[in-house]
Every structure is written in structure tokens, then in C-alpha cells.
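**Q** We have chain A already, so just place chain B on it with the hints.
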Amino acid sequence: MKNGFDVAVIGGGPGGYVAAIKASQLGGSVILFEKDAIGGTCLNRGCIPTKTYVKIAEYIKHIKNARSRGIQIDVSQPGVNMVDVVANKNEVVKKLTTGVAGLLDSNRVKVIKGTAELTKDGKIRCDGQSYEAKTIILAGGSKPRLLDIPGIKSQGVLTSDTLLDLETVPKSLVIIGGGVIGCEFATAFAAFGSAVTLVEFTDQLVKPMGKNIYKVLRKTIKAQGIKTVLNTAVASIERNEAGMLVVTTSDQKTITAEKVLVATGRCADLECLGELHGAIEMNGGFVAVDHEMRTSIPGVFCIGDMNGQLQLAHAASKMGETAAVNAMGGNEKVDLRYVANCLYTLPEAATVGLTEEAAKKEYDISIGTFSLYANGRALASGETDGFVKVIIDKKYGEILGVQMVGPVAAEMICEAALCMSMEITAHEVAATVHPHPTYCEAFMEACADALGKCIHLPRK
Amino acid sequence: MAVEVFMPKAGMDMQEGTIIAWLKHVGEQVEEGEGLLEIETDKVTMEVEAPATGVLLCRYFEDGAVVPVVTTIGYVGKPGEVVPDQPQTAGGAITAVPEKTVESVKTPIAAITDEINGVKTTPYAKQMAAANAINLSAVRPTGPAGEIKGRDVEREIAKSPLAKRIAEDKGLDLSTVTGSGHQNKVMKSDVLAKIANQQTSGAVAAVLDTTPLSGMQKVVGERMAKAHSEIPCVTQNTKVDMTSLLAFRTQVNENRENKLTINDFIVKAVAKVLHYDKNVLVSLGDKEIIHHQDVNIGIAVALDEGLIVPVVKNADQKSLEEISAAVKLLSAKAKSGGLMVDDYQGSTISISNLGMFGVHSFTPIVNQPNAVIIGICSIEDELALVDNQVENRKKMMISLTYDHRLVNGDVAAKFSLKVRDLLENPMDILI
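Protein chains in written order, with my numbering: chain A, 1 to 460; chain B, 1 to 431.
Only chain A is shown next, with the shape it has when bound in the complex (with noise of 0.2 Å):
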């Protein structure tokens, strides 16, 4: 049995290995464990593979749009060498990896290849050894969500995990969940030459983006040639004798495809919780946990999607420094309020903070809007497709949420969020001069909008 650590870290993900460093960087002695590839979800199947993808279709957007910008291209259909992608991805996904493993050696994390588990007695067994340490973190990550859909493990009906490592563009593509794994991975896979169809349960795609997001997405999103389904369960997956999958809706049509995305969204993987299953409390299928990360047991704390409070990479790091602070000692609550939501299409999109509609229960609001049809920079890039929208406290100007969506909204939500986080109000940012030309005047702007004194909108 080997002793002596301060913290013990399950899963190797955005979480996990941030949990870890922290832990170190505050002195402690950390062992971290990790089944699969240091990164996680986010290194190796999620964020970065899908971000390399997402690039390409941008690269092939530009390319088909070349001859209009007055660029003399001879490539009428752009298409892509799927090993080669495949290849571009793994690299850039080696390259961070080794980059993480190697900020954990610096760190003296010492990493342990393989599935830990928790034992009854508190201890951490992984390939038959016994760990021991003074406080763990869980941070087991997620994985695909299965629907439970007669058909639904035919072959040829793949997961994100499943999707990124495929050689071959598909033909023809249904992807179930019109959430946004499924909106990039469309977004992608549309660009590479699929026929892409995208099937939603709800009535529209990125549902918790809102209206005005889905608006502008609902018409780019049908410019790339995607078809969406809204409204639509799906009742089965059936492979016919072509080796096509047919899938079949609540409403009794068909789709045909090569393949099947399911993209139903992700439950924890509990994986380590190993003899502790039944004995630690869980929320739902997640497993509870404190605004410190605590979890029912003393000692033992749970990060990430494995707690099911915000799915997204940034949430799971911000959650590990917070844990390992808490397990060195400390008493840190972690504040998810201006987390923001990026969703990596073309154009992206991204959110942070209140709704309008939640925003309206607490505040008397006001809304600034400015379109990157007025834009500069936009307008010179030939990115008009977005626009910002700041939703602020009337009597203080206090930014309560920002809807945005552009080519660079998941860069230009940064600035919201720093704004909204150190408690810089509308007043402040409309006063702050922005380079020109540049998409982030659009949020100045916006803010200006919402005092009631835009310099770039017509007077109301």
C-alpha cells in the first residue's frame, strides 16, 4: 500500500488535472489517476477535436466564398481527405496532451494509468493496488448519453467519441439533438460533404441560447445545407439490407443515412465510484455535491460533469481549483454565475449570465442590441450574420447578461464575462474605448444601446 498523499484526483480531464495542480501549487502531494488519455473529454473527444473540425469547415466556407471576395480560385467543391483530418486532429490533441502530462510532472503529480476506483473504506484501489490519501477528488468526467431507442447500437450509429476517429466522410448524416455537440459536429461534418440532418426533440436548436441566438443560426445553419427536424423524437433506428440506417420518427417518417449521431447529451460517468455506488448521496445522475464541492462523504469532493452543475470544460477547472483549495484546507465556494456558453459553429455563438426572461424577474431591465450588420469590421470580413445583446440593470447599468453571435463570439464573450465578474457596469464599458475596427465594438456599442446612447444606431 503506498501512503503519504494529501490529495488523491480521479479522472485526468479539465477538471482533474487543474484540480491536481492547484493541489500542488499549494503544497500538497498529489496523485492523480486517469483511465484513458490525460485531457479528458475535452482533449481527446470533445472541445479540441471538435474546434479542429469546426476550423476546417471555416476554411472550406472561405474557400467556396473566395470567387466573391475576388479571390481567382479554381476549386469548384472543396472537399477534404478524411485520414488527413483525422490525422491534423491527433496531432493537435497529442500536442496538448503532452503539454498537460507534462505541466503535471513539473507539478510532481504523480499520474497512475488505469480505472481507479473508491473502496469501502475510503481507500483507492486501481489494478489491485491500494491507494491512501488524506482527501480525494472526483472528477470521472462523462460520457455519451444513450436514448433508449430500439436500433440504437446498430452498426454505424456512432457517438461524438465514435464520430472523430471515422476515415470516411459519410454520405449522408442524421444526428439526434440539436444541442450543441450536435450543432458543430453538423456544422462540420455538412462542411466535409455529408448531407447532414439535424433531429431536435424541442422547437428549436440550442434551445437554452434562446430565440434571438437560434434566429440567426436557424439561417446560417440552413445556408450550410443542413436540414433541421424540429419537434421530433426519434422511435427507432433500423439497418436495411443496403447497410443504410433508417430512422424513424415520432411521427412515423423516415430518414435515410449512412450514419447516425446520437448527440443526446452526456450523464456522469461513475465509474470510480466503485464500492461507494448507492453510499455517496447523487442529485439525479449526478453525484451532489456543496457550492464547495463536497460531496455527502467527508474528505471526499466531486468536480465536473460527474456533479452535473454546468457541462463545459472551464466550469469543470474553475470547480477543481476550487476543490483542491477546499482539500488543502481552504473554504472556497465556487461562483458559476458568469460562466459563459460558446457553441463553435458558423458563426459562433455565445452567452453569459441572465436571460432576458430571468433577468426581468429580478430587475427592472433595459436592452441594448447592435448588429454586425453596423459593424466595421464585420462588414469588411463579410461576417455579417450576428449581432450583441446586453441586458442591464436600469438603475446601475449592472451588465446581467450578454447574447452574442458572430464569427469570434466565444472570443468576444470573454469581455462580458470579465465585465459581468469584476462588476463593471454598462457605464463603464460604453466610456471604454474599443480599437476600430474590431467585433468587440459591437459590445461597446450594445451597452451604449441599452444607456440609451448609441453613437452607431439610428435615434430612437
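Treat the hints as calculated values from the structure; they're not laboratory data. A quick note: this is a predicted structure, and the numbers were derived from the prediction, not measured. Positions of the beta carbon are idealized from the N, C-alpha and C atoms, including for glycine. Watch out, some of these pointers could steer you wrong.
To be verified - Partial chain B-side listing against chain A, Cβ under 8 Å, derived:
1. SER160
2. ILE166
3. MET187
**A** For chain B alone, coordinates are given in the frame of chain A:
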């Protein structure tokens, strides 16, 4: 061109300021906005900043001088520029200008700043730091001699822009708030918690809503405050037996279409007393007491947005019916906003009737320039021994407030008794 340095007017009521210490000697280079000297008013200590970049050309007053506001106290300009020999004042005499030796003019900054833990600090900065519990050794000095200035201390009270806005709105002193942000930066939640704490601890009452003062409310408020603070007032309560008057009134009203109110009888009774006794119909002039001839009785009328006191002119020459009609008309005009200036000016005495509200007694505020106001209270049942029999009598208090500069207690009491006697013998009111 040389630019004047003024003694600033740092508040509406600031008349003069004291120069605590010059921070620059004559000939020394100054940057625009840099602290030039420190002054003190009766309320604050503050820095006077250089109005321009240049050298300090002259100082007309030295440390300790008391100088009227907006007086030129020095000049900043190019070296060698000619400036007046004498300071220019914007009116007002200059008092106590202590003489200073040539040496003191060249006093280095280090000598006029305090050293705290080896850190040089201006007095103003020191005072601010003490008020905000800021450790001066942690403050980054920006003074030219390495001293900590007021602006350096102010910078140390870290607060988010939102916290600042809320605190300003709620009038909360941020130096009393412990911040929860990075390095104790004061955040919104800290400000809200402090406000909530003050509300629960009763230091600040919870505000439900605010309504702006109407023009009338402002005027009434100012007049009330003036009267209340200026007049040495006394309120005397005299009890009146109204039993007979009530019976008399019932009798008189029996066949009348326009019923007479108790108030009408009271106004008439007061008018009748005043017809013969004008000792209380006085006002205070600049150097004299003004005795009034006319019995002009102001009747206080409550309105939603304030209070107005229309006047029944020459009430002593009016019949009870005429008084009743006049009061009714004035009251209606007051409530509809139809009073003319003449309707509410020229009163020589006033009546305020709270009888309908169950008021036992009160202390009405004199309606200046009147000397007396008569407060009418509720009629209450009271058991009294009359001819060895217990009887139910209807009693009412007259609460009379007078300006003791104009009226003495005996005069006021005699007047109250005359009114009482008349009300207790109602037939006499009419005779």
C-alpha cells in the same frame, strides 16, 4: 501666461479656508493636477491642485493663513513671468495672515509631511488612511518627494464600479464595508450585505418607495421649519364645556338647509372675542411689534399635497351665517386649487381644527407672521358633578400656541378663557 491659484469654494456654505501647508516652494516645478497645497475648511481637509504645468511663481499667503474663498493665493506660470504684488480678492476681508520668514518659504516637502513607519505622508492622506483603516506602508506614493498623497490613499479603497454606483446611490460610506473580492475589493454583494445589515440593525430604515416633494410641500415644510425653529412657543390647553353649544347648535340647525358646523360657531366666537380684545393680533416687525386692526382668521385646510390657510377677512363683522358660507367657500376653493392670492394672505390669527380626528390635544405651529394659532380638539364625553349629580358633559380642548416674543402667558390664557366662556354660553356668541 501665469495662471491664478485660488482658495477653492469647496461647498455651498464655505466662506473661507485655512492653508495647512504649501507642498511646493516658489520656483519649484509643478505638473497640472499635482497637489500644490493643503487647505482645511470647517468640514474637510483637501488638496488644491496646480491649475497648470509650470513653476510656482508666488505665494501670497503662508501656512496657517485664513483666506476667503476664490481669493488668488498664488500663481503658476513660466519662470520669470510677472505677477501682481498683491493678491486679488473676490470680496471679503482677509484675516490673520501670519508672517513667514524667508526660510519657511523654502521649507522642503519632507519637513511638512509626517513620517509614518518611514513613509512620508501628507496630512490629508494620513487623515484619509485613518478614516478608511488603510495601512499606509502598503500605499504606493506618487508625490514628487516620494510622499503618499490623498489620491494614493483613495485608490487603495478598492471597489468594483457596480459597488461604487450602488454605494453612492444608497449613501453608503465604502470605508465601512469589508470587501470580499480580490485583496478585499468591495463588491456588489458586500454593499448589499452592508445595507441589509444596516436595515436589520435599524441604522437605516428600509425604504419602500420615495416620492419627490411637491412645490407646496417644500414651501409648507420651509415655513413650518422656520416657525418651529425661530419662535419661542408655548402651547396652553384650555378645556371647554361644549354641552350647551351642542344643544344650541341642534336647535339652530333644526330648520336650516345649510347646517352650521361646530367650527362655524368656534370661528364666530373667536372673532367676537377678538373684536374687543386685540392683544393677540400682533406681528413681529424688524424693531417693533405690529398691532393689527383687522380680525382676519386663517383657517387651516389639509390637502393631499400639503396644507393651506385661507383667510376669513374681517370675521368680527360677519354674521355666523356669513362666516359659515365664507369658510365653506374657501375650503372648497382650496381643495379645487381655486384660491386666489388674496384668499390666503393677510391673516392676523389662525385656527387649526383636528376635532374630527379624535385628537385630545396638540401643539399647533404658529402660522407666521401671526402670533397665535388656536388648535381645536375633539369633543369628548366626560362625567362631571353638577349639582351633586353625575352628568355627562361634552368637553373639548382648545390648544393655543403663541409666540412668546409677542404674547405673554397671562394674555394668552385670558384670551383662551374669553373664548371658552363664550363657547360655554352660546347665546352670547350671537348677541
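**Q** Hint by hint, note whether the structure agrees.
**A** Now the hints, each set against the structure:
no. : hint   : in the structure
1   : SER160 : 3 Å, holds
2   : ILE166 : 6 Å, holds
3   : MET187 : 6 Å, holds
Of the hints listed earlier, there is not a single one the structure fails to meet.
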